[in-house]
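There are 2 protein chains.
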Amino acid sequence: MTISYQFMTDHLATEQITAEPVTAEPGAAPGPAPLPPGLLARLPTPCLLVDLAAADRNIAAAARLVRGTGVRLRPHFKAHKCTELMRRQLRAEGCHGVTCQTAGEAVALAAAGFTDILVANEVVDQAGLDELGRAAQTARITAAADCLEHVRRLDRAAGAAGTTFDVLVELDVGAGRCGLPAGRPDLVPLAAAIAGAGALRLAGLQAYGGHVQHSPGLQLRRTLCYHAELQVAAELERLAGAGLSCPVVSGHGTGTLECLAPGTLYTEAQAGSYVLLDAAYQRVTRAFEPALYCVTTVISRPEPARAVLDAGLKALAVDDGLPVPAGPGLRVVRLSDEHASLAVAPGADPAVGDKVLLIPSHVDPTVNLHDALFVYDGQALQRWPVDGRRVTALP
Amino acid sequence: MTISYQFMTDHLATEQITAEPVTAEPGAAPGPAPLPPGLLARLPTPCLLVDLAAADRNIAAAARLVRGTGVRLRPHFKAHKCTELMRRQLRAEGCHGVTCQTAGEAVALAAAGFTDILVANEVVDQAGLDELGRAAQTARITAAADCLEHVRRLDRAAGAAGTTFDVLVELDVGAGRCGLPAGRPDLVPLAAAIAGAGALRLAGLQAYGGHVQHSPGLQLRRTLCYHAELQVAAELERLAGAGLSCPVVSGHGTGTLECLAPGTLYTEAQAGSYVLLDAAYQRVTRAFEPALYCVTTVISRPEPARAVLDAGLKALAVDDGLPVPAGPGLRVVRLSDEHASLAVAPGADPAVGDKVLLIPSHVDPTVNLHDALFVYDGQALQRWPVDGRRVTALP
Chain A
28 MTISYQFMTD HLATEQITAE PVTAEPGAAP GPAPLPPGLL ARLPTPCLLV
78 DLAAADRNIA AAARLVRGTG VRLRPHFKAH KCTELMRRQL RAEGCHGVTC
128 QTAGEAVALA AAGFTDILVA NEVVDQAGLD ELGRAAQTAR ITAAADCLEH
178 VRRLDRAAGA AGTTFDVLVE LDVGAGRCGL PAGRPDLVPL AAAIAGAGAL
228 RLAGLQAYGG HVQHSPGLQL RRTLCYHAEL QVAAELERLA GAGLSCPVVS
278 GHGTGTLECL APGTLYTEAQ AGSYVLLDAA YQRVTRAFEP ALYCVTTVIS
328 RPEPARAVLD AGLKALAVDD GLPVPAGPGL RVVRLSDEHA SLAVAPGADP
378 AVGDKVLLIP SHVDPTVNLH DALFVYDGQA LQRWPVDGRR VTALP
Chain B
28 MTISYQFMTD HLATEQITAE PVTAEPGAAP GPAPLPPGLL ARLPTPCLLV
78 DLAAADRNIA AAARLVRGTG VRLRPHFKAH KCTELMRRQL RAEGCHGVTC
128 QTAGEAVALA AAGFTDILVA NEVVDQAGLD ELGRAAQTAR ITAAADCLEH
178 VRRLDRAAGA AGTTFDVLVE LDVGAGRCGL PAGRPDLVPL AAAIAGAGAL
228 RLAGLQAYGG HVQHSPGLQL RRTLCYHAEL QVAAELERLA GAGLSCPVVS
278 GHGTGTLECL APGTLYTEAQ AGSYVLLDAA YQRVTRAFEP ALYCVTTVIS
328 RPEPARAVLD AGLKALAVDD GLPVPAGPGL RVVRLSDEHA SLAVAPGADP
378 AVGDKVLLIP SHVDPTVNLH DALFVYDGQA LQRWPVDGRR VTALP
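As they're listed, the protein sequences go chains A and B. Counting from 28, one number per residue, gives the positions in the first sequence under the numbering used here. Counting from 28, one number per residue, gives the positions in the second sequence under the numbering used here.
Isolated chain A (complex conformation):
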């Protein structure tokens, strides 16, 4: 069996690789749909507000990006952990199945009726393995593995639950996290062990380029995706040589949906952030628009050049930088537990009690801080629970 690399060289040849300028400023977002008079003022702050029309435009944009590439979208639940929003995403053209990152998320998805769930991660602790078994009672469960210990544990858990798990061998295509780096001698024995395990099925490869997603410049991301394709192609050839078939190749994210092209070896894309977006992705792609805002209240104006909001580290993640005010004249300079400290430009004069909308810097850990999303569709306000948040029990 041979695998053609032709598409990749064709694909890259069409465009010159240049130092494309990075979008330093967030794009000119239309801002959230105006809420009916008084409704914004009555929101309990801090809270998350979804502009549903913008989210729908993002869902449509993602469908356009995968169209014709042979890649199906398997949206990633970890971005928002809200089953109601995920249900809306799955209605789009080109979607099949859902991705999640933890066994607990798989349980929440299965309980909400999802039937094709990829846990794009290695699950090792016994509580998590038990959860996979529970989720598999009503859903097809696929999980990842990068060593024989994973195979032993997954096989035992599936067997104990009287079910079968699909398994993807995880490759490290440059992110430096889990997965086998290129050319490792243990790849083929590992895949063979999965194929030979009584309660497992070798479904294919996971090759997620986490390092690519926020790389500035579409051409840089295309080049890095090309490198990943080369590695995937080489590993598929090794596996095919050993008679091991890999129908699934899963990877990609919000930052690389624009890099997909016909002929790719990938069969599915695990993008998650695209539906709500965040300020970090706004800096690297204009394919999507912000659909998520943290609504805050001005609680103090101690001096003309300073304001303080009622949203801090417990409402907004800061691992990817500070949140960005949706309007002009304000800049977040610091977050503490329950406060955002703002610099106020001359001319801006937010009053105590005013609402300020912030675009979160990183959607996933921000939504994880909230129990619900407030969703406005232009007519009514709904509250959608973030029902995939972690729930623990005594062992």
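Simulated from the structure, these hints should not be mistaken for lab results. Even glycine gets a Cβ: it sits at the ideal position worked out from N, Cα and C. All the pointers check out, no bait thrown in.
Chain A is faced by these chain B residues, among others (derived, beta-carbon under 7 Å):
1. 105
2. 128
3. 129
4. 149
5. 345
6. 380
For chain A, the structure is supplied; the task is to place chain B on it using the hints.
Chain B only, in chain A's frame:
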């Protein structure tokens, strides 16, 4: 009326202000009490584990630090939002009442039976004001204010709930967040407005030195506390001159309990982190010891020098740096949503499935990520809900 500054000059004169070396490495913590064989392995990871004996030693240490100073401890709920743990803290000598940071926390505390609650913050949004009114049905509620708009809103909310709120005027003693900076002409009119409001009572001042808490070196913290005392003294004099009495002066935190001395103008300390501590406080004080660990599982060993754990940004806050492994040979180099990437020193060889305990860098936003604390007292494991986490409802 005159206020003596003598204690402060006396206090400072006894010690030379030198560049005390900062504790760069976390102290030699005894580590968590060993769990019974098999119990650690069965914990659902990632989860938070409290070493209750260590927490009890911290509670006793805080009681010793306030003893004889005339300052009473009003422990801060925001550090962990767990009413069960707060109940234990309040049993200690020198404690009276509880501090929290949000109206939602006040509701949780009142529901759990706490009857003297300081919301050490400005509450402005209507949902929050309604919550204060609800909490005040069973508890004495004190809130902070730094402008007339706060007075109007608090007075209206207390009146609507058929109750009275105590109010502290917030001073900014250097933290640069909420509160009136030194010498502001609006201080006296503001205090007078509170005293004159129908449903409010002027209780005193809040003067929390947030900027002092993590300042390296006890002498530096003592100097900064002295500056705050001078400002408080001057403002108390101005208020006394206008016939406005301030029985309460509230402030201080875990980093400045060691700075308390007889004669201070402060009457209560709002420390919170001391009971569980964290790696950031470990760098600046040895008055307390770590009592909180994030229990994780090794999920991948892709290369000898690297390991990956199943705890990431959704289990550990990173605003104050990366978490610190409790044992030798491992270093956290990066967190992603659900992973911690570790550097593994030669000689260390954690296996897939092993448990690794991490000391969180910042306790407050870390506990806020979890639904419960697993608490081990040397004999039994309990699960204490983090029942003060935010709960939202449609307006």
